[in-house]
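There are 2 protein chains.
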Amino acid sequence: MSATPATSRVHIVGTGLIGTSLGLALSRAGWSVTLEDQSVTTAALARDLGAGSLDHDASGADPDLVVVATPPDVTASVVASALERWPAAVVTDVASVKAVIVEELRAAGADLERYCGSHPMAGRERSGAISGRADLFHGRAWVLTPTPETSAAGVDLVRRAALATGAAVTTLDATEHDEAVAAVSHLPQLAASLVAARLEHLPASAVALAGQGLRDVTRIAASDPGLWTQILSGNAAAVKALLMEVAADLQQVIGALDDLAADRTSALPGDAPGARGVLAAVVAAGNAGHARIPGKHGAAPTAYETVRVLIPDEPGQLGRLFADVGDLGINIEEFKLDHGLGQSFGLAEVDVVPAVSAALAEGLSQRGWRIHG
Amino acid sequence: MSATPATSRVHIVGTGLIGTSLGLALSRAGWSVTLEDQSVTTAALARDLGAGSLDHDASGADPDLVVVATPPDVTASVVASALERWPAAVVTDVASVKAVIVEELRAAGADLERYCGSHPMAGRERSGAISGRADLFHGRAWVLTPTPETSAAGVDLVRRAALATGAAVTTLDATEHDEAVAAVSHLPQLAASLVAARLEHLPASAVALAGQGLRDVTRIAASDPGLWTQILSGNAAAVKALLMEVAADLQQVIGALDDLAADRTSALPGDAPGARGVLAAVVAAGNAGHARIPGKHGAAPTAYETVRVLIPDEPGQLGRLFADVGDLGINIEEFKLDHGLGQSFGLAEVDVVPAVSAALAEGLSQRGWRIHG
Chain Z
2 MSATPATSRV HIVGTGLIGT SLGLALSRAG WSVTLEDQSV TTAALARDLG AGSLDHDASG
62 ADPDLVVVAT PPDVTASVVA SALERWPAAV VTDVASVKAV IVEELRAAGA DLERYCGSHP
122 MAGRERSGAI SGRADLFHGR AWVLTPTPET SAAGVDLVRR AALATGAAVT TLDATEHDEA
182 VAAVSHLPQL AASLVAARLE HLPASAVALA GQGLRDVTRI AASDPGLWTQ ILSGNAAAVK
242 ALLMEVAADL QQVIGALDDL AADRTSALPG DAPGARGVLA AVVAAGNAGH ARIPGKHGAA
302 PTAYETVRVL IPDEPGQLGR LFADVGDLGI NIEEFKLDHG LGQSFGLAEV DVVPAVSAAL
362 AEGLSQRGWR IHG
Chain R
2 MSATPATSRV HIVGTGLIGT SLGLALSRAG WSVTLEDQSV TTAALARDLG AGSLDHDASG
62 ADPDLVVVAT PPDVTASVVA SALERWPAAV VTDVASVKAV IVEELRAAGA DLERYCGSHP
122 MAGRERSGAI SGRADLFHGR AWVLTPTPET SAAGVDLVRR AALATGAAVT TLDATEHDEA
182 VAAVSHLPQL AASLVAARLE HLPASAVALA GQGLRDVTRI AASDPGLWTQ ILSGNAAAVK
242 ALLMEVAADL QQVIGALDDL AADRTSALPG DAPGARGVLA AVVAAGNAGH ARIPGKHGAA
302 PTAYETVRVL IPDEPGQLGR LFADVGDLGI NIEEFKLDHG LGQSFGLAEV DVVPAVSAAL
362 AEGLSQRGWR IHG
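So the sequence lines, in the order shown, correspond to chains Z and R.
Quick note on this note's numbering: the first sequence kicks off at 2 and runs consecutively.
Quick note on this note's numbering: the second sequence kicks off at 2 and runs consecutively.
Heads up, some of the hints might be wrong.
Unchecked claim - What follows is a list of derived Cβ distance ranges for each label pair: (1) R/E246 to Z/V357: 38 to 48 Å; (2) Z/Q367 to R/G31: 41 to 51 Å; (3) R/S366 to Z/A360: 47 to 57 Å; (4) Z/D74 to R/A359: 30 to 40 Å.
Read the hints as simulated data drawn from the structure, not as lab findings.
All values derive from a computational prediction rather than experimental measurement.
Glycine included, each C-beta is placed from N, C-alpha and C at the ideal position.
Model the full structure from these sequences, guided by the hints.
This is the structure in structure tokens:
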């Protein structure tokens, strides 16, 4: 049994989206939260939103936990200052790359026993205190990255704070974390950007053929270049290692396509031996990797069945569909709307567990829906 | 004014998913459809499903239009045979790569005046006659690729058939088409496969951190290796040209990350001049390309606003949400459900035109929904 109290005093440095959201969540959970920010206005806004009290308003008791939620490029130095400023406090940060921070702290001779890194994997489509939400971390992964020196009590305190926000907490060491996010976040971002970049100078008649596949692959290509430059810079070694693997695969594919293209224009066309095997192997390796992505709720992947329904593009049609699905007592696992070129209706893909897909299709047909595939 | 009749006699060679669906669509539109397939059983199944009559059942009159819907690797030779077998018919095909077919027909001395290639860009998650649907082409792009020799009457007849299925018809030359699908379909497929392939041997603790970005980027990585080997082989030159561009960008990024990683471990860390600029430029080019992807219905991209709503994971909740949105008289443009790790609720992203987003958020709040961001 832990002797630490259920709630504690937490001090948050940096009241942007993450710091403010954390203050809102922990205040709501009954923690005593104080706030500071380089910008007095920003800190006051976060206070006015309910994220906590300003430092000088508080009782003056030292915090049990300090959370550094500054931009990533200054995180390590702010953590080091916090460790000195509050000699009894546990200090964590929320940067999305972890090993570089530990390295800098170690080089600066910081007290790593009281430092436990963390990474709440929450959305960042909007920024600033004004976008802060108490439920930002609800259901999101929150990775703890203790150092070998970090005390058990330190890890426990950061874990309790993360759990209090409703996040799903896991623990990795900093290098494992950075290698993981390189594969599940940083490489996908670069791949989306590199695919989308090819569209920049494509004829409009070609871009017009974009379908759902392209839209899915490139959705995150709309991300902020400044933020991603900081993230990729901080995880340079791990991202580079993955990109080298991708580049090697890419050279194999280029070689295979070159053989196939040369074979087509050759006076004596042969069969470009091996080339088709390279292409099939790349797609098959993608199949194998894709199959490992967990289903929703962190459960093992589930093979849902998809029922496709034609939706007239008018207000209320989706409402009617979902009301009908609700009447049938069927739970929707995943849902996606697809729209065709030049048409005034959409195709809804309703994913359900296999046991109920036939009942869903039949029930919707009886209610007048056009089922499609 | 065209002198051709509104409907015609069409003969379909190959009754898989595409051929059967086309037969169903054109039969429904009042065309006279005959069918053949290498497999007598498959052709009979397509007939039984209502896709048309079998060849030997028909009147014996020659078709006005022949559609070759065989696997891509035999398409050119089947088209050449059809042009000889019916000396007055227009012949088209439905393969997803076009220039290679024209080359083979030209080399075989085929009558290109009566050939007009086409590519209906319809889904292929399931295959075979049994999966055929009359509405498979509804709202999908259907590209016509006439050769310089193709007669105007030939193009017109293929266009009328495509329009009769409900498809949105556009015209490109074969090489333009192949370059377009290399960028909007073939490169995204390879990128998804290469990113997903990195997950194959990743620790489970790392794969568990997968979020919506990774899911979107890799969704199409579940595609069939055999089919994609045929598609990529047929478009080898265009895909290779794009991959060379991607490989060049990738080498730049690798070089920049290498500079940044070396700078971190150097005894005299500098600033890796230029490296951050390379990373920012790649993400910015992705922004620019992404912005060119048309919105739904082939319209110009629209900046929708997203209202995020917390959804308890129980039957009927989505129905209740959509019923409430319908009551507000608001049309949903895009909709996506996101689920967090280890949680029993989801986050719905409801995209609407900016003019109504505030009304939607307010109306849903009043009805008891938790709005999130």
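For each hint, the structure was consulted:
The supplied range of 38 to 48 Å is met by R/E246 and Z/V357, whose beta-carbon atoms lie about 46 Å from each other. At roughly 28 Å, the beta-carbon separation of Z/Q367 and R/G31 lies outside the given 41 to 51 Å, and the hint is violated. A hinted range of 47 to 57 Å is violated for the C-beta pair R/S366 and Z/A360, which are about 34 Å apart. The hinted range of 30 to 40 Å is satisfied by Z/D74 and R/A359, whose Cβ atoms lie roughly 35 Å apart.
Hint compliance for this structure: hints 2 and 3 are not met, and every other hint is.
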